Amino acid sequence: MAEHHAVSDGKHKASTNAGGSVHGNSRPGAAGGGGGKGGLSGGLTQPAGWQSLLSFSILFLACLAGFSSRLFAVIRFESIIHEFDPWFNYRSTHHLTTNGFYEFLNWFDERAWYPLGRIVGGTVYPGLMVTAGLIHYMLNLLHITVHIRDVCVFLAPVFSGLTAISTFLLTRELWNQGAGLLAACFIAIVPGYISRSVAGSFDNEGIAIFALQFTYYLWVKSVKTGSVFWTIGCCLSYFYMVSAWGGYVFIINLIPLHVFVLMLMQRYSRRVYIAYSTFYIVGLVLSMQIPFVGFQPIRTSEHMAAAGVFALLQAYAFLQYLKDRLTRQEFQTLFFLGVSLAAGVVFLTVIYLTYTGLYAKIHIPIIASVSEHQPTTWVSFFFDLHILVCTFPAGLWFCIKNINDERVFVALYAISAVYFAGVMVRLMLTLTPVVCMLSAVAFSSVFEHYMGDDTKREKPPAEDSSDEDDKRNSGNLYDKAGKVRKHVSEQEKAEEGLGPNIKSIVTMLMLMLLMMFAVHCTWVTSNAYSSPSVVLASYNHDGTRNILDDFREAYYWLRQNTDEHARVMSWWDYGYQIAGMANRTTLVDNNTWNNSHIALVGKAMSSNESAAYKIMRSLDVDYVLIIFGGVIGYSGDDINKFLWMVRIAEGEHPKDIRESDYFTPQGEFRVDKAGSPTLLNCLMYKMSYYRFGEMQLDFRTPPGFDRTRNAEIGNKDIKFQHLEEAFTSEHWLVRIYKVKNLDNREPLDHKLRSVVPKQKYTSKKTAKRKRGHIKNKLALRKGKKLQKK
Amino acid sequence: MTRKSQILAACLLLLAAVSSEVSADGLVNEDVKRTVDLGTHLAKITAEIVLSNQGQSAVNSFILAVEADLAPHLAYIGASVKGDEEEDGTLELQQTTIQSQSGVFYKVQLPSNLAAGAQLKTKVEMTFSHVLQPFPTHITQAERQLVVFQGNHYLYSPYPTRSQTTRVRLASKTVETYTKLGNPSKNDEIIEYGPFRDVAPFSEDTMKIHYENNSPFLTISSITRTIEVSHWGNIAVEETIDLRHTGAALKGPFSRYDYQRQSDSGISSVKSFKTILPASAQDVYYRDEIGNISTSHLQVLEDSVEVEVRPRFPLFGGWKTHYMIGYNLPSYEYLYTLGDQYALKMRLVDHVYDDQVIDALTVKIILPEGARNIHVDTPYKIDREPNQLHYTYLDTFGRPVLVATKNNLVEHHIQDVVVHYNFNRILMLQEPLLVVGAFYILFFTVIIYVRLDFAITKDPAAEVRMKVASITEQVLTLVNKRLGLYRHMDEVVNRYKQSRDTGALNSGRKTLEADHRTLTNEISTLQARLKAEGSDLAEKVGEVQKLDGQVKELVCRSGQEAERLVAGKVKKEAYIESEKTLTGKRQELVSRIDSLLDAL
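These protein sequence lines are chains R and H, in that order.
full-length UniProt numbering applies: residue 1 is where the first sequence begins, and numbers increase by one.
full-length UniProt numbering applies: residue 1 is where the second sequence begins, and numbers increase by one.
Heads up, some of the hints might be wrong.
What the hints assert, rightly or not - Taking lysine-lysine and the DSS-like style, the derived pairs with C-alpha atoms no more than 27 Å apart in a straight line are:
id	chain 1	residue 1	chain 2	residue 2
1	H	Lys364	H	Lys406
2	R	Lys221	H	Lys510
3	R	Lys224	H	Lys467
4	R	Lys740	H	Lys320
5	R	Lys751	R	Lys641
Stated by the list, open to error - With beta-carbon atoms standing in for the labels, derived distance ranges:
id	chain 1	residue 1	chain 2	residue 2	range
6	H	Ala142	R	Pro702	41 to 51 Å
7	H	Glu463	R	Ser52	37 to 47 Å
8	R	Leu341	H	Ile441	42 to 52 Å
9	H	Glu579	R	Ser52	40 to 50 Å
10	R	Leu348	H	Ile456	10 to 20 Å
11	R	Val146	H	Arg384	26 to 36 Å
12	H	Ile426	R	Leu134	46 to 56 Å
13	H	Ser272	R	Pro702	51 to 61 Å
14	H	Lys180	R	Asn741	14 to 24 Å
15	H	Gln95	R	Glu694	50 to 60 Å
16	R	Asn741	H	Thr97	25 to 35 Å
17	R	Ile400	H	Leu452	51 to 61 Å
18	H	Val450	R	Asp324	54 to 64 Å
Derived by calculation from the structure, the hints in this document are not laboratory data.
Note that this is a predicted model, so its numbers are computed, not measured.
Beta carbons are placed, not taken as given, at the ideal position from N, Cα and C, and that holds for glycine.
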């Protein structure tokens, strides 16, 4: 049922898209987009009013569709926080709401990274938590008693509605109203953005994309107007972005790049000068207010481009000033020297930064081990953007063809975002908004060409002029981008070659593309991006659903039935979940700031039991938690991640752990009898398969058959000396082991040797060596010579 | 035996002397049948007592006693009269004390005076919680749970007992040891003691039974039951429950493999239990801090709703869990009203599982905002705490919350509480009005904001710009209209060429002239205004006007040409040729006008 609703929702949106293009794009010259509109405007006195009402309702529907298409997970499962990082965000938001803002900023979390702890207040981007906390506070102030969990779950969908609005504003600034509405509709449902903002995915990206788009909108606005007011707005929005996501670096590099390119293109103006000077100074000061960012903006290389461009801009402005005072020749030499020097510096900085950044990302195994840090494949481009990935170059071309200051910006945005999205899957997110905007531009231009004049032809010319008057009114109100207005006569000329058939065919084709896009978006959202990953679901043959709730089962067991200060060792993926759901101390978590600590855990997992026991004793581990998917065929379990643990451990302890030990001589990673003995006896293997060898899952397979790796395990006789099974969840997905205390000293199998002293013990201490006497003190005896003993 | 009975008789005499001091009313327990039910984790002791009044005067009450050892565990005590025909009448109990005797005592009020020499059949029910102690206290997953019960062989009573039997019902056949006073007979799960004759008042003799009991030793260590009444037709009930397995604690590992493959592994653990909710319960939810507990099932029966509550993990000895269960009820079934007076009749505590034990209960009843004169009728004594205020959706001054607590409850405590209060119905309108008001204010602010100018500075340049813009717009309209006129004229000429109706042509020309003149005049005035505003657009408009004059000329000429063609003064080819040049020129002019307009 739920799916049905959402699907119809998506379809509805498709029609909204089409509607948006029809009405929003009707050019002043063209006499209305469709029959419906003509009928409407017939009885209207104020078409501008109608148009704004239509725009408003389209925008509202786009927001609504954006919100509701993200609710698959809530409807199918429940209002729950998803995945890993959101659990940390939720936990810290909870801390914020219970203990207040200052307590949150000063929060030292002793439950993470045992025994080091983590200064949470200084190592997070607090924007997300503060936003959620503020919304919660406001609602409670109004006596709307919503639980903080629900605020967190629904924050991302709400903000994606706001993103649609800010994308609309930005696109309207760049092109026109119609393109803006289209862009809003696109961004509302495009999978590339939904992947990070479904209900429950309470993560920085959810609010950051809104902040990003809004900052860009305000920046474009301030470049256009040259007003300090807009620039200050831009700075505040930038501040919010800095507080919300590390991706603010993208802004602080893109805006200087824009200014730089404008200068190169001889498009320097006082407006640009005002906008950038204000932005750089105020933005810098504001961004340094975030504890986690601190002095980075004036220290690190990725912020240097902004400073360089700032200096360049001042120099350029100074040169402009000098221009009036100097002769032409003098000025030219000065100018070229200055510009080429500065440009060279900036260029080198950027190159250096990119190089170092990429190097780090490729060569640290812990970063490479995260799947979202892999390069993007073509498939995922199409999967996440569908038809937009094909149309957005067209939009880019339209923009470059009719270039102006703000279109330079969007072109740069597009090019840099494409580059970054190619480097890392996760940066698809920054590409998505610009793709939506440019595709909207492309679609809107196409619709402009191919729609709307049919009706005009049928109309008698006399009426045409009056109708045109209406259109022109409204057009002047909304077409701020200018230059797109055309005239009756021109139109007639331009469209001479286009027969009505071609027009309608092209229009139909475009509408069909949009429809397919909507269907694809709905499908992707529902199938790929709406799983909480904390709860798994499987479907039986008759369509009924089984919920595998093993994660929560085990976490809740930890929460209820272990000591409050018990320390749980697990691979870092589960650190945030253990902290959030089980409320227990963890050794490592998803905030992978301390590589050597993680390596230590990796070493414990990949050593044999007695070596691991030493490490675990030294880390005060009480419980070990692992994920094992062999019973139900869950592929994301710890054995499949095991090689990363080995690699990370090897990076820090190359003497003890060698990756090659875990492969067969043929270089395979196998868990069956042919597997390497090191693997078959390491702690992770033993914990995963403890007593699994006795278990026969079905009659066709031998006992101890691992469904994930399709192999019969090689070591079926697993005994523990220092561990004992504490809990295993219903489908064996989560296994928890208790680390035993040290044994009592073993009794000797022979009697203690009784040594009978040969003589009665007498103290050999002389008077001098007895207690209370100072050693080597000279003893004085009367009547004798002084002598040393 | 005789010796024993002699001793007993001596004791009896001795104690009778003592008891005569205590029970001056001369009551005697003629015949006592005790049943000690140890089949669950509770100890339920029922005693059917035949009281006889052997004193001189009639009595209207008698006293029940509970041993000092067991008294702290007493969860429930009740007495009823066993009539021959009529229904059992429950009796009122009142706690009293008796000097120089340990234990807890209750004074039972009889329905009518018991005359001297008369007899009365009564039935006493007592339920004790936490009296079955697991021994050994820690067991492994494969072991069975053994418990020890320590009680009294005799009825603890301030009156002498003439004859008594005690029957103990156990949970299983397996018994490790039991005290063998009076050579009891054991039959499967039943041990029968007695009969004992002439037992002295306050006699105690420890009965100790060590036996296997694998029934779920579940204890609700605390429960908070919140009942939220809404006058819009709903009563929301939520119970927050802390559950603990108080049997023998699990020692050593928990093996899921054994638990799944061997049926008797973890036999004393609790996998699930049933909670019975009222039949009208809707929207049942079962969750904890980290979300829904997806392992439960709901079954709607004729007279109840059954929830199969399955905790996330099986509960072994010593393990605990915590969850919330909540549901909605229609208020018409529980809320009674008479004018402004309302009465809520709800269960003070509801069923959680069979033979439940609740260590600590907190009941919160949230009444609607504005409820006054609240008073509560409880079925039994319960500790009231000061009222609180609760704020939720659309509340302004808060809803009164009644809070009450009680410890050590069992199934017998599932009884109705009645809350009476007054509520002014006008207050029902408060919440809708609040919403309406909020929207009203919102729209009003938007209206004010849109209609009024809040700019702190006046920008004359912008104003001029706006004025110019509006004038240019008008100019554009007019120019376009004028172009429309020409097109109209073209049509007239075409029609003329077909119909050869000179009158139509002339009239068309006249209207063109007239309209054109008015439009041109209007544009000129606008041009003048533009000039007055100091805009350089005026020049452009002038240029447009000039071009337009040429266009008009061309239009007129094409009309004349057409006339000449019709009149036969020109050849068709020549006409077409000239028409072509004319249109070409016109096209050019119009495009120039357009480009000028674009620049406006």
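Worksheet item: Which numbered hints does this structure break?
Response: Numbers 2, 5, 6, 7, 8, 10, 12, 13, 14, 16, 17 and 18, in rising order.
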